[in-house]
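Position 23 (the sequence shown) corresponds to 23 in the UniProt record's numbering; numbering is contiguous.
All clues given are correct.
With a cut-off of at most 35 Å between alpha-carbon atoms, the simulated DSBU-like pairs for lysine-lysine come out as follows:
| id | residue 1 | residue 2 |
| --- | --- | --- |
| 1 | 86 | 43 |
| 2 | 31 | 43 |
| 3 | 31 | 86 |
Cβ pair distances, simulated, as ranges:
| id | residue 1 | residue 2 | range |
| --- | --- | --- | --- |
| 4 | 68 | 36 | 25 to 33 Å |
| 5 | 83 | 60 | 21 to 29 Å |
| 6 | 10 | 61 | 21 to 29 Å |
| 7 | 84 | 11 | 36 to 44 Å |
| 8 | 45 | 86 | 25 to 33 Å |
| 9 | 68 | 44 | 35 to 43 Å |
| 10 | 26 | 60 | 18 to 26 Å |
| 11 | 17 | 66 | 27 to 35 Å |
| 12 | 34 | 65 | 26 to 34 Å |
What the hints contain is simulated information worked out from the structure, not anything from laboratory work. For each residue, glycine too, the CB sits at the ideal point set by N, CA and C.
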Amino acid sequence: MLDPKTGLPPRFLRTPDAARFLGISIRTLEKHRTYGTGPTYRKIGGRIVYTLADLQGWTENGVRRSTTDETPCRVFPARPLTPAEKATL
1 MLDPKTGLPP
11 RFLRTPDAAR
21 FLGISIRTLE
31 KHRTYGTGPT
41 YRKIGGRIVY
51 TLADLQGWTE
61 NGVRRSTTDE
71 TPCRVFPARP
81 LTPAEKATL
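Produce the entire structure from the sequences given, and follow the hints as far as they go.
See below:
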């Protein structure tokens, strides 16, 4: 995944590349951003960018060993959160 112009790995991913990296649709990632349930992003000028570390960190919230695991973190769906869900953040 090297940049063909510089030969360096990308420092930031735009929304389409970040969505591809996560395996979700661009629209789902945009909804996560709107509802505040997605990964941390940066706005540089008019562009939204994500770091690989932020994307990987966000996915770590969903790590489980079994369906009965109770962990303090959760990856919420791309929708407005209920007051109870907001309290768990």
